[in-house]
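Following the hints, put chain B in place on chain A, whose structure we already have.
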Amino acid sequence: MCPILQNEKRGKCSARASRLLALLFLLLPFIATSAFAQQVHPTESQVKAAYLYNFGKFVRWPTDHPNADSMAICILGKDPFGEVLDSTVEGASIDGRKITVKRLVNAADISKDIAPCSILFVSISEEGRLAPLLAAAQRQGLLTVSDIPHFAEHGGIIGLVMQENKIRFEVNRGAAEQSHVALSSELLKVAVRVIEKPPQS
Amino acid sequence: MRTSRKRSISSKLTLMSVLVSGTALLLACAGFFAYDQITFRQGLLRTLSAQAQIIGSNSVSALIFNDPQSAFVTLAALKGSPHIASAGILTAEGKRFAQFTTEAGGEIINTPALGDDEIETYRFGSTHAILVRKIVSDGKLVGFVYIRADLKEIDVRLWRYALISAAVLLLSLMFALLVSSRLRRSLADPIIALAETAQTVSRDKNYKVRVPSSGTGDELGTLIDSFNEMLREIQQRDAELQKAHDELEHRVAERTRDLVSANRELEAFSYSVSHDLRGPLDALSGFSYVLLKNNATRLDDNGRDALTSIRAAAKRMSELIDDLLNLSRVSTSTMHREKIDLSIYARSIMEELCRDHPERKVEFVAPASAEAFGDDRLLRIALDNLLRNAWKYTSHHDRARIEFGQQIANDRIVYFIADDGSGFDQRGAARLFQPFQRLHSSAEFPGHGIGLATVRRIIQRHGGEIWVEAAVEKGASFYFTLESNRARE
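In the order they appear, the protein sequences are chains A and B.
1 is the number of the first residue of the first sequence in my numbering; add one for each residue after it.
1001 is the number of the first residue of the second sequence in my numbering; add one for each residue after it.
The following block holds chain A by itself, in its conformation from the complex (with noise of 0.2 Å):
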């Protein structure tokens, strides 16, 4: 409600405006509706990439990671996002790091140090090279995501999933433990399922 309001001089504000203003209140919560109904709903992948960039803010890497000023997020194999990835990251930083993405064409240059990343996304399109793309993933300490299905179960440390229409994730904390990824908790809150054990490895 007060978002739409938030231009408003308040100051400016004449008696009869301000009567406007109450009716406004009033009938924002269907102005509001209607408006966010005839708004597109954001893509799938466009959640997904808002999602990528923003688990970011709730994991924190080993202190002797090389990434200091920056912090990238790759993606290995068949990219689903595209531009939107792009788009979403632009500008953006978390805790003054910039956002970068990079684009791995195979899992061997995860372990290169031309191209160090913290967030890597594994697209669908890997999903029969998952154990050893996983176990190269935790000596690097890197958050690995993906859409593949039972990805957390399968040693992943968040794996996306759709629930009653909605993009959520799972999270496996014995693989975040072992990369050394320190997850926070407000993440865990939000996880709809947490899995403890390890990979079996």
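Watch out, some of these pointers could steer you wrong.
Heads up, simulated DSS-like pairs for lysine-lysine below, C-alpha to C-alpha not over 27 Å straight-line [stated by the list, open to error]:
| id | chain 1 | residue 1 | chain 2 | residue 2 |
| --- | --- | --- | --- | --- |
| 1 | A | 57 | B | 1134 |
| 2 | A | 102 | B | 1140 |
| 3 | B | 1208 | B | 1152 |
Not the full set, but computed from the structure, chain A residues with beta-carbon under 7 Å of chain B [as the list claims (entries may be wrong)]:
| id | residue |
| --- | --- |
| 4 | 54 |
| 5 | 186 |
| 6 | 187 |
| 7 | 189 |
| 8 | 190 |
| 9 | 194 |
Hints in this document: simulated from the structure, not taken from any laboratory.
Even for Gly, the Cβ is constructed at its ideal location relative to N, Cα and C.
For chain B alone, kept in the frame of chain A given last:
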């Protein structure tokens, strides 16, 4: 009168202390209440702000990952907090995201608008206060949190204050009564004592009384001391005055005693002389009569003339002695004052004179009545003397007019007897009232010079004055007053 004054002063004191303490207390209560209201509101705002901050930072993930359930769990933590009526979280777009309420029924909250650079705002209503705070994550607005607090406690506090105020007011009233009774002892009682003493002094002229000292060194004490000092001075002067007065009185009494005894001696002397003179005189008169009667033929004309002269002289001497005795009696006889009418006496005397001398033509004028207060016998003697005088000194005129009357002069009743007879030279007037002093020879007008002295003695005994106005051949007017001050009263 005493009790009413007492009541009025002490009740004034009571009223004063009650009013002062009551007003001060009410003002203090109002001040405290206002202060409490302000601090309560500030405290409430601080609490709400802190709570909104905690809820906001704990709801960031819920907002970001679109999890209203988690946000509700965070909000529900407010359940235990006092005053909270409801709380909620809105998305950055203003959509309702999560809501928690302790009140029955859903609610539509009109949250106050937030400016671009504001992080938090609040609004106080009559029953509720609402606080809205932005939820920001990494510089980006992710949503809003609002908390609505119940202001019922303000009412509760108001009542509590009113109750405490009333109780304290009652206590202070009792205290004020206590204080006023104390004050009365130190303030009202000395004033009452002062007033009562002043009343006693002015009513009874009793300067012996003193105001009991209040024993305090304040202005009241000074007033009482000054009053007492004044009384002491008055009393002292009174005593001195009384002493002087007594002394004077004593001296006057002494002198009067001396005078009276001297006078009595003198009168006794003159009486006995007069009385003793009568014996030889009677012998002289009697034997000369016998001689004239029995031996008239033996005497020649010269001898008879001499005898007749002796008899006439003896008679005159007898009259003189009578007059002297009269004068003496007039001086010594006791006075008996009463209300009398001088006009009646004057007329009866004149009638008697006319009867004795029917040949004379005298017109007599007198008022219907002339009231006086004096001794009946003495005043009759005085009037008799004066009228006979007038009668005598008009005898050389063919026609005469004698008037008796009264007039008011200088607030005094002045009686007068005027004639148009021979009169006399005014210069001799002073001698006229001395015994044996005459302005005319016995050959011209018979007399012994005792009459007017007798009149003056009578008038003096009545506390009056007598004086005369006259001119040769134009008559004489005698004026007299009785007890000079009487007419004024």
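Now the hints, each set against the structure:
1. A threshold of 27 Å between alpha carbons decides the hint, and for residue 57 (chain A) with residue 1134 (chain B) the separation of about 18 Å falls inside it, so the pair holds.
2. Straight-line distance between C-alpha atoms of residue 102 (chain A) and residue 1140 (chain B) comes to about 24 Å, which keeps the hinted pair within the 27 Å bound.
3. Taken as a hint, the residue 1208 (chain B) and residue 1152 (chain B) pair is broken in the structure, with Cα atoms around 73 Å apart against an allowance of 27 Å.
4. The criterion of a C-beta within 7 Å of any C-beta in chain B is met by residue 54 (chain A), whose closest approach is roughly 5 Å, and the hint holds.
5. At about 4 Å, the closest approach between the beta carbon of residue 186 (chain A) and any beta carbon in chain B falls short of 7 Å, and the interface hint on this residue holds.
6. Checking residue 187 (chain A) against chain B: minimum C-beta separation of about 6 Å stays under 7 Å; hint holds.
7. For residue 189 (chain A), the interface hint holds, the least distance from its beta-carbon to any beta-carbon of chain B being 5 Å, beneath 7 Å.
8. Evaluation of the residue 190 (chain A) hint against chain B yields a held restraint, the C-beta minimum of about 4 Å falling below 7 Å.
9. Below 7 Å, beta-carbon pairs count as interface contacts, and residue 194 (chain A) has none with chain B, the closest being about 13 Å; its hint is therefore violated.
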